[in-house]
Amino acid sequence: DGGITQSPKYLFRKEGQNVTLSCEQNLNHDAMYWYRQDPGQGLRLIYYSQIVNDFQKGDIAEGYSVSREKKESFPLTVTSAQKNPTAFYLCASSVSGAQETQYFGPGTRLLVL
Amino acid sequence: DAKTTQPTSMDCAEGRAANLPCNHSTISGNEYVYWYRQIHSQGPQYIIHGLKNNETNEMASLIITEDRKSSTLILPHATLRDTAVYYCIVPGSSNTGKLIFGQGTTLQVKP
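Line order of the protein sequences matches chains A and B.
Numbering-wise, the numbering used here comes out as the position in the first sequence, counting from 1, plus 719.
Numbering-wise, the numbering used here comes out as the position in the second sequence, counting from 1, plus 1.
Everything labelled a hint here was simulated from the structure, so no lab data went into it.
All values reported here derive from a predicted model rather than from experimental measurement.
Watch out, some of these pointers could steer you wrong.
[To be verified] Now the in silico label distances, taken between C-beta atoms and shown as ranges: (1) A:803 / B:4: 22 to 28 Å; (2) B:104 / A:798: 26 to 32 Å; (3) A:800 / B:104: 40 to 46 Å; (4) B:18 / A:791: 45 to 51 Å; (5) B:16 / A:772: 33 to 39 Å; (6) A:802 / B:18: 42 to 48 Å; (7) A:726 / B:18: 34 to 40 Å; (8) B:43 / A:814: 30 to 36 Å; (9) A:749 / B:18: 19 to 25 Å; (10) B:103 / A:830: 22 to 28 Å.
A virtual CB, placed ideally from N, CA and C, is assigned to each residue, including glycine.
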């Protein structure tokens, strides 16, 4: 059963804490993306990776970090530097970069305690 | 990336065709038009995409005008499960692959 999985579905963060969101895909896609969605808003790009061991900042990378050590995995860490982390986080993947269909995971909702 | 304009909301009766318009007047010749939808609290779902010709798949049809400045997504027999926000996106030729999701059209399918 191919697709993109994200875990956990809900995540709670305490003040000053780093948390890591998981994203795994078994579609053999080269490109992976992280987006953030705030209530009633569209998606904004945080980071993207077009190949293993390489990634680039998106439009709102401050306070976030990523790694791409394996083709199928692209975890996102929300650091304590991100002052407003409460949002819905979506991971996506595509065969390659430009003008390719992106397939999204179910999302992780991050809440601050 | 070409900017797209969509109506904020639309209603459709269950069983009827839903026709969702999108304007993309600044689209260039090699840019595709993509449609995604997002059901509340879920990840966006790919629906269909096209370049010049009309396209159809098991979910929907996409009609692109000859000048490519606008398009219409057609859900032929809308069901209550089609209630969602529909996004028309022109990703552009940049190599980032970034998708710009605007406000989209909230489609409410009513019984």
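Hint numbers contradicted by this structure
3, 4, 5, 8, 9
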